[in-house]
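Position one of the sequence shown corresponds to residue 1 (UniProt numbering), numbered consecutively onward.
Do not rely on the hints blindly, as some may be mistaken.
Label pairs and their calculated CB-CB ranges [stated by the list, open to error]: (1) Phe-156 x Arg-185: 40 to 50 Å; (2) Arg-185 x Ile-229: 18 to 28 Å; (3) Thr-82 x Phe-156: 28 to 38 Å; (4) Leu-257 x Lys-68: 40 to 50 Å; (5) Phe-137 x Asp-99: 42 to 52 Å; (6) Met-119 x Leu-240: 19 to 29 Å; (7) Arg-87 x Glu-186: 18 to 28 Å; (8) Leu-48 x Val-259: 37 to 47 Å; (9) Val-266 x Met-52: 39 to 49 Å; (10) Val-50 x Leu-222: 25 to 35 Å.
Under the rule of at most 25 Å between Cα atoms (straight-line distance), these lysine-lysine pairs were calculated in the DSS-like manner [what the hints assert, rightly or not]: (11) Lys-173 x Lys-183; (12) Lys-90 x Lys-187; (13) Lys-68 x Lys-90; (14) Lys-159 x Lys-173; (15) Lys-159 x Lys-183; (16) Lys-249 x Lys-90; (17) Lys-187 x Lys-159; (18) Lys-173 x Lys-187.
Hints in this document: simulated from the structure, not taken from any laboratory. All residues carry an ideal CB built from backbone N, CA and C; glycine is no exception.
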Amino acid sequence: MVAPRILIGGGGGDEGKLRDEESAKMEDSPSSKKTRLDGRFPLTRWELAVAMAVFSVFVIGLFFIFMKMPAAEYGKIKLPRTISDLRLLKDNLAIYANDHPAQFILGYCSVYIFMQTFMIPGTIFMSLLAGALFGVFRGLLLVVFNATAGASCCYFLSKLIGRPIVNWLWPEKLRFFQGEIAKRREKLMNYMLFLRVTPTLPNLFINLASPIVDIPFHVFFLATIVGLIPASFITVRAGLALGELKSVKDLYDFKTLAVLFLIGSVIICPAILKRKRTYE
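Construct the entire structure; sequences and hints are all you get.
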């Protein structure tokens, strides 16, 4: 299901346009082109080396964590890609999670944060698994913690090497986002909460683009940890009834999306009302 896109507000954005022009000039400069690995590849050799170094650190950390975990039938454990895969994984992990709860939670959190940091698809299955194994309350705590930690890691990784990637993948969307942020500096928290609660912009894009458009980390962090609660609750709660769930698309039907946008509208209302008073 493709999330609807809502454009809020209009005008402004001069500061964002100037930044775009400056970055475009830098990217078109001969010195920049010489350091690119390929005319179409967005990263320089240094940026690629940084990305590989960070990735290697995470992989080594995961390796040592799983080496220290009690033995299990790892042949039956794999990242789920369908609801059927998830049901089998849940059955295989239920006993292990009961026998070794601390080790299992450490492994679960490590995999979730790794996937979220490096934008690996499938975290929604990890969220459903949390509900199926731990129930709504503990599952929600786990999902919000891991999603926030992974998004924060992605934020700092993007701060290092994200600008060329985002400019390469989503140039138009980045310009739109930059303009909206420039107009909402005074009520930035409300706007970021709105984006996190509603599917207006993908969370992946928000994680990568936020440091590029100069969203302070404390605003990003608070908006993430609070704004992800409604959607995470829906997903974790659905994990309790995996047998009835046919597809991931069933999670976000029209009614669910309407509720999320209603919550988001309540959040952003103070900013809209303040702007109206200012122009009156």
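Inset, instruction - Go through the numbered hints given earlier and state which of them the structure violates, listing their numbers in rising order. - result: 1, 5, 7, 12
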